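Fit chain B to the known structure of chain A by using the hints.
Residue numbers (the numbering used here), protein chains in the order written: chain A, 1 to 265; chain B, 1 to 265.
Hints were generated in silico from the structure; no laboratory data involved.
Take these hints with a grain of salt, some might be off.
Unchecked claim - Calculated pairs, BS3-like style, for lysine-lysine (alpha carbon to alpha carbon, straight line, at most 30 angstroms):
no.: 1; chain 1: B; residue 1: K214; chain 2: A; residue 2: K74
no.: 2; chain 1: B; residue 1: K48; chain 2: A; residue 2: K48
no.: 3; chain 1: B; residue 1: K252; chain 2: B; residue 2: K113
no.: 4; chain 1: A; residue 1: K214; chain 2: B; residue 2: K101
no.: 5; chain 1: A; residue 1: K228; chain 2: B; residue 2: K252
no.: 6; chain 1: B; residue 1: K252; chain 2: A; residue 2: K252
no.: 7; chain 1: B; residue 1: K101; chain 2: A; residue 2: K48
no.: 8; chain 1: A; residue 1: K113; chain 2: A; residue 2: K223
no.: 9; chain 1: B; residue 1: K214; chain 2: A; residue 2: K228
These figures come from a predicted structure and were not determined experimentally.
Number of protein chains: 2
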Amino acid sequence: MDSGRFAVALLFLFLFSFATGSLSERLIRMPSGDRGASVYSGVLSSRKNELFCESWKFSIETNDVGVWYVVPEKCVSFVQEYMNGERYRSDSEVIADYALKHARTVNIAGDGKDAWIFDIDETLLSNMPYYVNHGYGSEVFDENSFNEWVDLAEAPALPASLRLYTELQQLGFKIFLLTGRSEDQRKSTDKNLQYAGFTNYEKLILRGTSDLGKPATLYKSEKRQELKDDGYRIHGSSGDQWSDLLGFAIGKRSFKLPNPLYYIA
Amino acid sequence: MDSGRFAVALLFLFLFSFATGSLSERLIRMPSGDRGASVYSGVLSSRKNELFCESWKFSIETNDVGVWYVVPEKCVSFVQEYMNGERYRSDSEVIADYALKHARTVNIAGDGKDAWIFDIDETLLSNMPYYVNHGYGSEVFDENSFNEWVDLAEAPALPASLRLYTELQQLGFKIFLLTGRSEDQRKSTDKNLQYAGFTNYEKLILRGTSDLGKPATLYKSEKRQELKDDGYRIHGSSGDQWSDLLGFAIGKRSFKLPNPLYYIA
Numbered sequence: 001m002d003s004g005r006f007a008v009a010l011l012f013l014f015l016f017s018f019a020t021g022s023l024s025e026r027l028i029r030m031p032s033g034d035r036g037a038s039v040y041s042g043v044l045s046s047r048k049n050e051l052f053c054e055s056w057k058f059s060i061e062t063n064d065v066g067v068w069y070v071v072p073e074k075c076v077s078f079v080q081e082y083m084n085g086e087r088y089r090s091d092s093e094v095i096a097d098y099a100l101k102h103a104r105t106v107n108i109a110g111d112g113k114d115a116w117i118f119d120i121d122e123t124l125l126s127n128m129p130y131y132v133n134h135g136y137g138s139e140v141f142d143e144n145s146f147n148e149w150v151d152l153a154e155a156p157a158l159p160a161s162l163r164l165y166t167e168l169q170q171l172g173f174k175i176f177l178l179t180g181r182s183e184d185q186r187k188s189t190d191k192n193l194q195y196a197g198f199t200n201y202e203k204l205i206l207r208g209t210s211d212l213g214k215p216a217t218l219y220k221s222e223k224r225q226e227l228k229d230d231g232y233r234i235h236g237s238s239g240d241q242w243s244d245l246l247g248f249a250i251g252k253r254s255f256k257l258p259n260p261l262y263y264i265a
Numbered sequence: 001m002d003s004g005r006f007a008v009a010l011l012f013l014f015l016f017s018f019a020t021g022s023l024s025e026r027l028i029r030m031p032s033g034d035r036g037a038s039v040y041s042g043v044l045s046s047r048k049n050e051l052f053c054e055s056w057k058f059s060i061e062t063n064d065v066g067v068w069y070v071v072p073e074k075c076v077s078f079v080q081e082y083m084n085g086e087r088y089r090s091d092s093e094v095i096a097d098y099a100l101k102h103a104r105t106v107n108i109a110g111d112g113k114d115a116w117i118f119d120i121d122e123t124l125l126s127n128m129p130y131y132v133n134h135g136y137g138s139e140v141f142d143e144n145s146f147n148e149w150v151d152l153a154e155a156p157a158l159p160a161s162l163r164l165y166t167e168l169q170q171l172g173f174k175i176f177l178l179t180g181r182s183e184d185q186r187k188s189t190d191k192n193l194q195y196a197g198f199t200n201y202e203k204l205i206l207r208g209t210s211d212l213g214k215p216a217t218l219y220k221s222e223k224r225q226e227l228k229d230d231g232y233r234i235h236g237s238s239g240d241q242w243s244d245l246l247g248f249a250i251g252k253r254s255f256k257l258p259n260p261l262y263y264i265a
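Extracted from the complex, chain A is given alone in its bound form:
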């Protein structure tokens, strides 16, 4: 093979690897001539967007943003990739590992008072099938359509949380489910939990008539206080919202799960 043909072969090998590999998007549109500048600035602006969206995500997950209503328009595809890609799964699994590590240090007293609290939505159950059809958090929350989805009782389990839930029960923890869903959603919620594998919980706590309209942090704090008054020791709380974890009567340790789709005050 002469050097020219060798180079052609190598070139095809390169081009083929770009066309099929993960680098293809960046390389196939490689700038040339006038078009170059705009493509390059497009890449720059996409890089800048990603950097902003990472920082936005940091800021919502640490509660720096406070109340927010919709995902910023320029971060919708970032959220979509995060939720559908490896990162959401990885984050949930690593958090479950840290929760379990803590749980294993607890001396279970055997009096049935060692408790762990789980939130439900985006903690035990994933509403992704709903949000896929509702713009990945880019649309303002619509209670009616969400409640219709809840009534279907078809939300799948978050795999990492199912693993944590099961292992906590094996360790001897009593599981309490504390949700912002209301009493009239008890039947569909319980049906969905059973369907997804969350069985044998100690109690499912939903908003009663007197809880409607209360800020989530207050409602959940009051319910935790009732558990403490009943003698329960809350060793851990798992939730995707800060309103699951802050306030009073908080658990000894809190495990914030990721949720870049929505915020509940």
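Below, chain B without anything else, positioned relative to chain A:
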């Protein structure tokens, strides 16, 4: 030019762009033959590492991990890249923007009682010059060498925090600095703050004799309570540690800055 020479030219152009561009590392070591499998598994394992370290970072920044002492070995280079790259800067700037957005909604009463609290280390001042020489959080904290660094009073300002600090003063907030540093570091701390541009603060609060040994969350809560008892309205707290932000007498809003280098309980 015949097609062979054209291909050679193109090939050189490609190779040159890889050797100089950001893609070089991944492409120059492209697998071929037997060596392929191990290089590919190397890429996979590096990808897996990065995924884990992103999740680890999420978990420490949301306090899911609780107390930790050193950066996991496999995440040290991840932390190094995060701190030296664009992300740390971007995160800080976006958080400062959210803090300012909140600050601008505050009605400054004009009685001099509208307050904002800043932590110092990794909030106003960056100790990166120290951590660059101490393994980016991979070494257990060494009080003696860190105190020697503090005495130099050479820590640079975090640019985003300097911007926030300055704009808050212009808006009319009184600035309180609440740090875990001890009273015997007052002189060097003040010198460093002036050097870095943090001037005209209302009060610099350091650990007195009776505060030594107290958990940071308790010490800082007590000091905030004293400010509230003096009639100050704490509209915001900025800190890189949860012990800056949790406990009692907390600010109306909290702004958690990133810090994957160390944890203070």
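Mind checking the alpha carbons of B:K48 and A:K48 for me, to see if they're no more than 30 angstroms apart? Answer holds: B:K48 to A:K48 is near 24 angstroms, not above 30 angstroms.
Given the hinted pair A:K214 and B:K101, is their Cα-Cα distance within 30 angstroms? Holds. A:K214 to B:K101 sits at ~26 angstroms (cutoff 30 angstroms).
Compare the distance between the alpha carbons of A:K228 and B:K252 with 30 angstroms, and conclude whether the hinted pair is satisfied. holds (27 angstroms)
Restraint status (C-alpha distance of A:K113 to A:K223 at most 30 angstroms): Judged against 30 angstroms, a Cα distance of about 16 angstroms means the pair holds.
Taken at face value, is the distance from the CA of B:K113 to the CA of B:K252 at most 30 angstroms? holds (14 angstroms)
Keeping to a limit of 30 angstroms between CA atoms, is the pair of B:K252 and A:K252 held or broken? Distance of about 23 angstroms is within 30 angstroms: holds.
For the pair we were handed, B:K214 and A:K228, check the Cα-Cα distance against 30 angstroms. Given pair B:K214, A:K228 holds - Cα atoms ~27 angstroms apart, limit 30 angstroms.
For a C-alpha distance cap of 30 angstroms, please report whether B:K101 and A:K48 respect it. holds (21 angstroms)
Agreement of B:K214 and A:K74 with the hint, judged by alpha carbon distance not exceeding 30 angstroms: violated (44 angstroms)
Figure legend: structure checked against the earlier numbered hints; the only hint not met is number 1.
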